[in-house]
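Engineer: Sequence:
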Amino acid sequence: VQLQAYGGGVVQAGESLRLSCRVSGNISDIDLMAWYRQAPGSQRSWVASSSKDGGVYYPDFSLGRFMISRDNGANTMFLQINSLKPEDTAVYYCYADIQGPINRGNYWGQGTEVTVSS
Numbered sequence: 150v151q152l153q154a155y156g157g158g159v160v161q162a163g164e165s166l167r168l169s170c171r172v173s174g175n176i177s178d179i180d181l182m183a184w185y186r187q188a189p190g191s192q193r194s195w196v197a198s199s200s201k202d203g204g205v206y207y208p209d210f211s212l213g214r215f216m217i218s219r220d221n222g223a224n225t226m227f228l229q230i231n232s233l234k235p236e237d238t239a240v241y242y243c244y245a246d247i248q249g250p251i252n253r254g255n256y257w258g259q260g261t262e263v264t265v266s267s
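150 is the number of the first residue of the sequence shown in this note's numbering; add one for each residue after it.
Please keep in mind that the hints were generated in silico from the structure rather than gathered at the bench.
There's no promise every hint is true.
Said to hold, decoys possible - Label pairs and their computed distance ranges (CB to CB): (1) 254 with 195: 12 to 22 Å; (2) 205 with 171: 32 to 42 Å; (3) 171 with 250: 19 to 29 Å; (4) 181 with 267: 31 to 41 Å; (5) 161 with 202: 33 to 43 Å.
No residue lacks a Cβ here, since even glycine has one placed at the ideal position from N, Cα and C.
Let's have the full structure, built from the sequences with the hints guiding it.
Structural biologist: Set out below in structure tokens:
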């Protein structure tokens, strides 16, 4: 099972980015998917989650500017970040909780780096 995150880059404050995370491999069911981020010198923190039944969850700081979505048919998750701020600079990691009889477990992607300049 592999999670490939992509879509990061260097942007100006106020711009938007759409991150993607694709799950590949021999799997039967993806339950929870989530985005986390880790800024330089900080711990990894939760950004948003999406359950397979359509529930979405956010911590307070990401309400309003971050939007998580997923395409279950394509095993892909997205994170739309609007009005980017310099403090959003971080490596963004995707996470997937694989259920079912095949390769069941929790998996992380390698991260995609977002740099926001002021």
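Engineer: Now tell me, hint by hint, if it's right for this structure.
Structural biologist: Against the structure, the hints come out as follows:
1. Restraint check, residue 254 to residue 195: a C-beta distance of roughly 19 Å satisfies the suggested window 12 to 22 Å.
2. The supplied range of 32 to 42 Å is broken by residue 205 and residue 171, whose beta-carbon atoms lie about 19 Å from each other.
3. Range check, residue 171 to residue 250: Cβ separation about 22 Å, and the 19 to 29 Å hint holds.
4. For residue 181 and residue 267, the hinted distance range of 31 to 41 Å is satisfied, since their beta carbons lie about 34 Å from each other.
5. Checking the proposed 33 to 43 Å range against residue 161 and residue 202 shows it holds: the Cβ atoms sit about 37 Å from each other.
Checked against the numbered hints given earlier, this structure breaks only hint 2.
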